[in-house]
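Undergrad: Sequence:
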Amino acid sequence: QQFGEVEVTFTSPSAGQTRVLAVVTGEVVTPHKSRPNEGTLFFNVELGAMASPTFEAGRQRPQAATITNFIERLLKGSRAVDTEA
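For what it's worth, this note's numbering labels the leading residue of the sequence shown as 600, then goes sequentially.
Derived by calculation from the structure, the hints in this document are not laboratory data. As the structure is a computational prediction, the values presented were derived from the model and not from experiment. Please note that a few of the clues may not be correct.
Each computed SDA-like pair below joins lysine to any residue, with the alpha-carbon atoms no more than 20 Å apart [as the list claims (entries may be wrong)]: (1) 675 x 626; (2) 632 x 665; (3) 675 x 636; (4) 675 x 637; (5) 675 x 639; (6) 675 x 650; (7) 675 x 622; (8) 675 x 651; (9) 632 x 682; (10) 675 x 656; (11) 675 x 665; (12) 632 x 666; (13) 675 x 628; (14) 675 x 647; (15) 675 x 631; (16) 632 x 664; (17) 675 x 615; (18) 675 x 618; (19) 675 x 617; (20) 675 x 635; (21) 675 x 652; (22) 675 x 616; (23) 675 x 643; (24) 675 x 634; (25) 675 x 638; (26) 675 x 624; (27) 675 x 633; (28) 675 x 664.
Label pairs and their in silico Cβ distance ranges [as the list claims (entries may be wrong)]: (29) 637 x 615: 17 to 25 Å; (30) 668 x 615: 17 to 25 Å; (31) 666 x 636: 16 to 24 Å; (32) 626 x 651: 17 to 25 Å; (33) 666 x 637: 34 to 42 Å; (34) 628 x 674: 26 to 34 Å; (35) 674 x 627: 14 to 22 Å; (36) 635 x 655: 38 to 46 Å; (37) 673 x 620: 27 to 35 Å; (38) 655 x 679: 26 to 34 Å; (39) 626 x 660: 32 to 40 Å.
Where a beta carbon is used, it is the ideal one built from N, C-alpha and C, also for glycine.
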């Protein structure tokens with residue numbers, strides 16, 4: 600089985616004076632039987648303990664869930680990423 604070429608671009612995004620660390624990972628998996636021609640996207644946002652003394656390592660903050668949901672709606676809703684093969 601052959602897979603298409605994968606391209607990864609690294610960037611250092613920022614939001615005003617706030618610097619953001621972005622990590623992108625990919626994995627080739629078998630699609631769901633109900634959608635054999637469609638891939639999946641998964642988003643996860645973590646707010647690191649170094650960003651604020653109020654953030655605890657290993658514990659997801661409500662802000663992280665809000666940001667995750669926003670990014671997911673933005674990218675999936677706009678169809679900016681084509682998940683069909």
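Undergrad: Give a verdict on every hint.
TA: Hints versus structure:
1. 675 x 626: 18 Å, holds
2. 632 x 665: 30 Å, violated
3. 675 x 636: 16 Å, holds
4. 675 x 637: 13 Å, holds
5. 675 x 639: 10 Å, holds
6. 675 x 650: 28 Å, violated
7. 675 x 622: With Cα atoms ~18 Å apart, residue 675 and residue 622 stay inside 20 Å; holds.
8. 675 x 651: With Cα atoms ~30 Å apart, residue 675 and residue 651 exceed 20 Å; violated.
9. 632 x 682: Holds: residue 632 and residue 682 sit about 15 Å apart, inside 20 Å.
10. 675 x 656: Violated: residue 675 and residue 656 sit about 28 Å apart, past 20 Å.
11. 675 x 665: 15 Å, holds
12. 632 x 666: Violated, at about 30 Å.
13. 675 x 628: Since the Cα atoms of residue 675 and residue 628 sit roughly 19 Å apart, the hinted pair holds (cutoff 20 Å).
14. 675 x 647: Distance of about 25 Å is beyond 20 Å: violated.
15. 675 x 631: 17 Å, holds
16. 632 x 664: 28 Å, violated
17. 675 x 615: 25 Å, violated
18. 675 x 618: 24 Å, violated
19. 675 x 617: Roughly 25 Å between the alpha carbons, so the hint for residue 675 and residue 617 is violated.
20. 675 x 635: 18 Å, holds
21. 675 x 652: The given pair, whose Cα atoms are some 32 Å apart, is violated under the 20 Å limit.
22. 675 x 616: 28 Å, violated
23. 675 x 643: 14 Å, holds
24. 675 x 634: Answer holds: residue 675 to residue 634 is near 16 Å, not above 20 Å.
25. 675 x 638: 12 Å, holds
26. 675 x 624: With Cα atoms ~17 Å apart, residue 675 and residue 624 stay inside 20 Å; holds.
27. 675 x 633: 19 Å, holds
28. 675 x 664: Measuring from Cα to Cα gives roughly 16 Å; hence the hint holds.
29. 637 x 615: 17 to 25 Å: 36 Å, violated
30. 668 x 615: 17 to 25 Å: The hint (17 to 25 Å, Cβ to Cβ) holds, given that residue 668 and residue 615 are roughly 21 Å apart.
31. 666 x 636: 16 to 24 Å: 30 Å, violated
32. 626 x 651: 17 to 25 Å: 30 Å, violated
33. 666 x 637: 34 to 42 Å: 25 Å, violated
34. 628 x 674: 26 to 34 Å: 19 Å, violated
35. 674 x 627: 14 to 22 Å: The hinted range 14 to 22 Å holds for residue 674 and residue 627, with Cβ atoms some 19 Å apart.
36. 635 x 655: 38 to 46 Å: Distance hint for residue 635, residue 655 holds at roughly 41 Å.
37. 673 x 620: 27 to 35 Å: With Cβ atoms ~19 Å apart, the hint is violated.
38. 655 x 679: 26 to 34 Å: 32 Å, holds
39. 626 x 660: 32 to 40 Å: 26 Å, violated
Hint check: violations occur at hints 2, 6, 8, 10, 12, 14, 16, 17, 18, 19, 21, 22, 29, 31, 32, 33, 34, 37, 39; the rest are consistent with the structure.
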